[in-house]
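Q: Residues per chain are reported as follows:
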Amino acid sequence: MIRQFSASQTLAHLVLLIGAVVVLLPFYVMVATSFKSPSEIMTATGGAFGAQAPVVSRSCLARGGTDADCATLPVVENYREAFAKAPLWRYMLNGVAVTVSIFLLQVLVALPAAYALAKLRFWGRNAAFALVMFCLLIPVHAIALPLYVLLARLGLTDSYAALVLPWTVSAFGIFLMRQFFLTVPDDLVDAARMDGMGEFAIVWRVMLPAAIPALLAFAIFSVVAHWNDYFWPRVVITGNRDLFTPPLGLREFKGDLDGNFYGPMMATATVIVTPLVVAFLLAQRRFVDGIAMAGMK
Amino acid sequence: MATLALRGLSKSFGTTQILKQVDLSVADGEFLSLVGPSGCGKSTLLRIVAGLESADEGSVEIGGVPAGHLRAADRDLAMVFQSYALYPHLTVAGNIAVPLRMRRLTAAQRLPLLGPVLPGARSRGREIEARVRAVADMLDIAHLLDRRPGQLSGGQRQRVALGRAMVREPAAFLLDEPLSNLDAKMRLQTRTEIAALNRRLGTTFLYVTHDQIEAMTMSDRIAVMMDGEILQLGTPEELYDRPADIRVARFIGSPAINILPAETDASGHVLLCGHDTGMRAAAGGRIAHLGLRPEALAPAPHGPVAGRVRAVENLGSDIYVQIGVLGAESPVTVRCAPTVSPRPRIGETLFAAPVGRMIAFDAAGKAVPLVRAEVAAHV
Amino acid sequence: MATLALRGLSKSFGTTQILKQVDLSVADGEFLSLVGPSGCGKSTLLRIVAGLESADEGSVEIGGVPAGHLRAADRDLAMVFQSYALYPHLTVAGNIAVPLRMRRLTAAQRLPLLGPVLPGARSRGREIEARVRAVADMLDIAHLLDRRPGQLSGGQRQRVALGRAMVREPAAFLLDEPLSNLDAKMRLQTRTEIAALNRRLGTTFLYVTHDQIEAMTMSDRIAVMMDGEILQLGTPEELYDRPADIRVARFIGSPAINILPAETDASGHVLLCGHDTGMRAAAGGRIAHLGLRPEALAPAPHGPVAGRVRAVENLGSDIYVQIGVLGAESPVTVRCAPTVSPRPRIGETLFAAPVGRMIAFDAAGKAVPLVRAEVAAHV
Amino acid sequence: MSEPRPEIRQARAGYLLFLPALVLMIVLLILPVAIAAVLSASDYALGNPGFDWVGTDNYSQLLSRSAYRKMMVATLAYVLIVTPASVGLGLGAALLIRSLRVGQALYKTVYFLPVMASLLAMAIVWEFALHPTLGIVNRGLEALCGVDGLRAALSGSWAGLAPGATWFGRGCVQGFPLWLGDPDYAIWSISFIGIWQGFGFSMVLYLAGLSGIPPELYHAAEMDGVRSGWERFRLLTWPMLAPTTVFVVTVTTIRSFQVFDTVEALTDGGPVRSTYTILFAIYEKAIRQNLVGVGAALTVVFLAVVMAVSLIQRRLVERKVHA
Amino acid sequence: VEIQVGYAYGSIFDETMRQIVEGFSAAHPDIEITFRASYENYEDATNTVLREAVADTLPDVSFQGLNRQAVLVERGIARPLDPFIAQETDFDADGYHRAMLKLSTFDGGIYGLPFSVSTPIGYYNMDMLEAAGVEGRPETWDEVAEACRKIVANGQDAAFLHWNITGNWLLQAALWSQGVPTIRDGRLNMENPQGVAALESIRTVVRDCRMKNVSGGDALKSFAAGELAMMFTTTAYVATVDGTRVGDWAFVTGPYPGIGGAPKALPAGGNAAMLTSTSQDPEVLEAAWQFIKYATSGEGAAVVARTTGYIPPNKVANEVLLADFYARNPNKETAVKQLPLLAEWFAYPGDNGLAATRTIEDYLEEIVVGGADDMPGLRDEMVADVNDLLN
Ligand SMILES: Nc1ncnc2c1ncn2[C@@H]1O[C@H](COP(=O)(O)OP(=O)(O)OP(=O)(O)O)[C@@H](O)[C@H]1O
Ligand SMILES: Nc1ncnc2c1ncn2[C@@H]1O[C@H](COP(=O)(O)OP(=O)(O)OP(=O)(O)O)[C@@H](O)[C@H]1O
Ligand SMILES: [Mg+2]
Ligand SMILES: [Mg+2]
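Residue numbers (the working numbering), protein chains in the order written: chain A, 1 to 297; chain B, 1 to 379; chain C, 1 to 379; chain D, 1 to 323; chain E, 1 to 391.
Source of the hints: derived by calculation from the structure; they are not laboratory data. Hints should not be assumed to be uniformly reliable.
Which bits of chain D does chain A cover? Going by a derived footprint, with three or more residues having C-beta under 8 Å, they are [as the list claims (entries may be wrong)]:
1. 70-79
2. 96-105
3. 143-153
4. 266-273
5. 300-314
Chain A is nowhere near these chain E residues, computed Cβ spacing over 12 Å in every case [unchecked claim]:
6. D30
7. Y39
8. T48
9. D56
10. G109
11. I110
12. D127
13. A131
14. D185
15. V196
16. L339
Using 27 Å as the maximum straight-line C-alpha spacing, the simulated BS3-like pairs for lysine-lysine come out as follows [to be verified]:
17. C:K366 with B:K185
18. E:K315 with E:K337
19. E:K315 with E:K150
20. E:K150 with E:K102
21. B:K366 with B:K20
22. B:K366 with C:K185
23. C:K20 with C:K366
24. E:K315 with E:K264
25. C:K185 with B:K185
Glycine is no exception: its CB is placed at the ideal position from the N, C-alpha and C atoms.
So here's chain A without its partners, still in its complex pose (with noise of 0.2 Å):
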């Protein structure tokens, strides 16, 4: 503890390291063959980042250019290629929109959800957490069906609404919350139903401040599930392409057979995983203080 070899420290880098260059592998095949040409990626060739020798677009081709309008850089074309495909903005802006509407909506429910399990004594509370806990083991895939043809009956399928409503309630969430708030001090609770507030007025004004940072956790959580899935759009979404999220845009590269598409396929990747590296990033110190402090230890 006190006087640690500098050996010890060295070792515990270099068992890290190898570890990380694993963790890293697929993010660096994956960054890596979106900057190459197909020939490369067939051959692999090209090293870390392609040899970036000029290649023919197939699709400026196939809409008739010729070989000496279409010759691009392969990091050019794969990406142009990825945007080109689909209209992946369109998509990463329907995943946002995805996401953040989910993560209020799990907010909204979840907060006084779970002020009410943490601070309030009624009668069949621990009823209501078994509930809760009992959700938390239901995964989607399992209920899918039912649940289609539940809004397939209120004719919600093809509709922001099919990806968002499903999730609103997160069991999750509510846990996470509410263990959070055993936390709080009932004195704080009192202190504001002093001040002339009501319990609503309190999940609000008083609850929701203080539980900043378990909710970005909560947020993590919820924004990566969401911004990552690819199983639920699939279900629902089967007419509108305008309401694909981006798992779904990168589906569209990843037909039966082919796999001529690395390139962009890999760029598209590149693409839709970045956000939610870069969010990580920016949050990753809070994140962990977060689930620290949301007791979930």
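Use these hints to put chains B, C, D and E with the ligands onto chain A, whose structure you have.
A: Relative to chain A, chains B, C, D and E with the ligands alone:
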């Protein structure tokens, strides 16, 4: 400004009765402390007065008006909590302003962005701001108004909590151990301030603590509570000098009172450790214990109290000598002046004699008034 | 059992120097307290002695042997922490046994399942158990041996922490504010116990606190530390009666000493609020302040100290009267007997005169010995 | 107008505040589960005009058909590989990272990246990385074969072993495995990706748990004579992390039972159903093959198993905490 | 009017559809075509449409796998096309290959018009064959095995049989090539020597060609990269190989190998356009019909040939519009030449049809991963399992 009256309050949690038919009246402007050991129900009582909890039986009157049907926010009481319970996300100014904002602004005017531009909100907002500043000036925290609670010391938070309570000029203050999270120095300083505040504002204070020194130094009257009952209600002097119950005697005073075994001899004289004290019970009851405060004992060549010195604590201003006395439950403490000579030393035998008031208790622990034996004989 | 000697210890965190060339020797078996305001470096010093932190400069000797190269586990010191630092997952018995298990059992014998069946483990285990029981008996916690720390009260935890330190009979105990997490009553009780322990075991104690009453009542000697330096080292009486520095005078004593402005007149006499005190500086220096303990002042019809009564605190055993005196930094506290009459009332003017020792300080805050002016004239 | 007692007001507020969540949970989660439970006794298929009750036929199928036996094997294998590995790696990483003087934030971020990344995107990348000939994994291994010294060391030929005696040696001679196409390797590959993706999550939870251990305890241990890191871990760290561990194990187990995306994207349950995990089976039956009844029966079985697991773990915690 | 259209295999047909719409819009400026998200494959196509039927969000036109049409007809989702055909004065039903039209005819009604049709063919890297000393293209599986042995001996990857194409297509091909229909009387028709022979043919390739259990996409990539000598799969990928070929080697296609001789018949792969509109608006229905007609006949069909490896279903396209196209693209003509062999691509009857497909796939995979040697035994087990499902 109002009186508080509790009549026959009872409260149980599950099967355990926490409050047992408690009666208590607090006069207008009075500073009344409620003291008692941990878990005796002080906070519960306070919370019932505040309206945060309801009694199973009994009633609460505020300013002579039954308050049972009023919710906490409508009782016009302010409460200060042990943990201060400040809103961590609001600045000091924001914290102090909350009670006013909740009361003086309409729901619409409180809205985040829209609110301030609504008619009337401006002027109300300015009023509130002025009031907050005035309170902050009074508590000497005006320079902290823009900080958040996390950036304040314990004492400063304490004052902010007081400020939040004061800002709306409530009928009475309820304080639940507001000093217990402060360190010794801070506690000393703040308790004077709170007492001064009571005098300055003239508002009724109901103050809960388990620290009897706090209660002694601040209160007009003290109610000692144990096991859900109020054992005695009186001025600090009364409690110190004339405790009605041995439990009260034990609770009040630091270092604690010395309880020594006593008897009543055939002639009705009270014997302390077998020595005649020259006193007898006024009403002639049997006496089981005598209570002697440390300052009511002094070393004397052949005093009735004798034992080996266990410890000598020199506080500079006083010396407390603890002696192990046969028959006493715990070591007997004797207060000496720092100039005492010879200075008692650990291990030697010390004799002490009563030099101050003796308090007698019967076997049930009830106080029994004593009178000089001769005087009584004359009567 | 060993002496501790610190020589020229310095320590900085970043750019701020926390310890400045501290020298300190603790005699074998001595109870030495280290007091000082929060943040003055007491814990840092203790941790350097313990080996949990290293000094930038200077050396630590334990039992006369330099310990600089030893890690904490090898220094044969035991430490009691403010938060007790008990292992929450182990029972009381388990907690107390840890130091023995770590030292007396081999790594193999400590293995979870296999360990106990290894040769020798049985008998060692029984030895340890017996030792734990003995310590628990001594501390009166034998009935708690199977509980976990979470199920204990503060005072009980405190004793377990002590037990864990005592169990292996270390060369010296280091205690870092071990009482500060206890409530007032418990603190009172435990401090006597710890002092008694020191006497019984005869082991060296180095005790850190920022509570001077604690230090006064327990210690053989006290070191007052401020700003990384030891201002004075001496017995409690010395510190209380003959502080070397105005900061020491202010720190020691509760309620705090009254510091009043003073002058030296042309004839060398010391003037207190303009009144001749009949004293002069022994070595003839100029005097800027006079320190008077609350008990060294008493109400007197025309005393030199006069002011309006700000507060009257009746502790039952004493009454402290605070008066606002022109020229004094803070209200002046006068101790009266509870029987004083007339009882001072808030708002009226009170006169007080010195009745005890006066402590004089020059403008730099250094203490200046005083002598009676007449006597000096005769010499 | 008399106000109700505060307790009653509180209870009312409690109901009111919990109500939206309750309604939504019932409509969105409980109701579908109930529907699934009902449908599990039917032969309902999407688009059919009606359906018949088939009693427990769907369930008895689960017992009789070999595919479902393989499903159980694959699911258990996945859970039993991924849970201990990602919990262990998470703990190891957290401990190592905590011991560092510099670079903590960097490793934390790197190890958490896979948790953030889109599984679908990463599955595609892994598929590419594990491609038998073009993939970086096999290319890398082959490159190692090309370095004589390394090849000798790794294949054991320095010790006189035949070139094909070791796994690596065989790989050099016959080519390295089809990670996703060989039934002997597929479940391991999928599990590996699961671990890769999930251990960062355990790590973060463990880091949170570690930061909750008061440093004074470590100092106390030091004073008590604890010298080695291992002793410190045994005496203090591991027991103090027990609640974290239970939580992490529970969450990881449930997540492992719920593995779906990688299976769907990479192996479709194959080869020869070696990666036919239960959630994928539900999906295949109910959505791909339109056998809603069978899928529903699987759903019911799945929920029963997961609930049993979490109840058992709950018991363990309670015993631990209240012991 | 706007009509909504769904189709599968976006990576193959996106360009095709774009060109068709271009042409169609020129001819019908008042009709706007909106494409739905493309289906991943034919099963996905059917399931999506089934779900959409529940939600009442069906597209107006949906391109469905030839073997998946029956389900939609049975459930009443597909609408008959006969009324529209009847209105057409110049509609030449004969323009469609009879066999193809028959694939979309149920109970005498036409429910779909074939859009793109495929047959299995062989893909060859002639450079690799020659390097290994193989002369010409193999005509039977025995010859394939023979060639494989030489190529393997030459240290190269020999062949890939795309055994897991949706709907057990190549197993059905192996059976049809011996003249045996896969389904007879609602049961799996493999309890005969031809059934075993079909399985044996697969095992031969696995054993003699050292075929690896990789995905079709991976194999295609290897072939395009010039690392795989032979590949047996649908003609659909000819365009893909052309487009992604790395290096300069001789790419040639050849007829699908038979068992013991030339194939007697081959299952028709591909998809048909179906009218799935729920609209009551005659204008919408008419527009949808116009699109179906355009896409499946004449110029629309010609685009299929130009942009994919599929065969246009329409004689007009094949013989009139594309005469010199095939001369320039002999690799794409292989499938056209196999047109006379076209036979039904069976869907397994009943609710468990897809489960049966998957079960058969599992058994085939046993062979492919080298875990099965006893073909008659495997056949018996498989038949029992599948027939159990088909009951
Ligand atoms: N909501 C509750 N449910 C059950 N028991 C309770 C509840 N609130 C308090 N109690 C119990 O009632 C008793 C009195 O509690 P109360 O808080 O009034 O004590 P207190 O005198 O304020 O003690 P302290 O000095 O420790 O604050 C305690 O034993 C406590 O455990
Ligand atoms: N590891 C550290 N890094 C930086 N500064 C430190 C560290 N440890 C202590 N300090 C600083 O050193 C000063 C002395 O700390 P120390 O803990 O020794 O004070 P103390 O006298 O024990 O105070 P207290 O009575 O509050 O415990 C403080 O200002 C503290 O902020
Ligand atoms: Mg309380
Ligand atoms: Mg300290």
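Q: Hint by hint, say whether it matches the structure.
A: Hint check:
no. : hint               : in the structure
1   : 70-79              : violated (count 0)
2   : 96-105             : holds (count 7)
3   : 143-153            : violated (count 0)
4   : 266-273            : violated (count 0)
5   : 300-314            : holds (count 5)
6   : D30                : 22 Å, holds
7   : Y39                : 9 Å, violated
8   : T48                : 5 Å, violated
9   : D56                : 7 Å, violated
10  : G109               : 26 Å, holds
11  : I110               : 26 Å, holds
12  : D127               : 16 Å, holds
13  : A131               : 19 Å, holds
14  : D185               : 32 Å, holds
15  : V196               : 29 Å, holds
16  : L339               : 23 Å, holds
17  : C:K366 with B:K185 : 24 Å, holds
18  : E:K315 with E:K337 : 12 Å, holds
19  : E:K315 with E:K150 : 40 Å, violated
20  : E:K150 with E:K102 : 42 Å, violated
21  : B:K366 with B:K20  : 19 Å, holds
22  : B:K366 with C:K185 : 24 Å, holds
23  : C:K20 with C:K366  : 20 Å, holds
24  : E:K315 with E:K264 : 22 Å, holds
25  : C:K185 with B:K185 : 17 Å, holds
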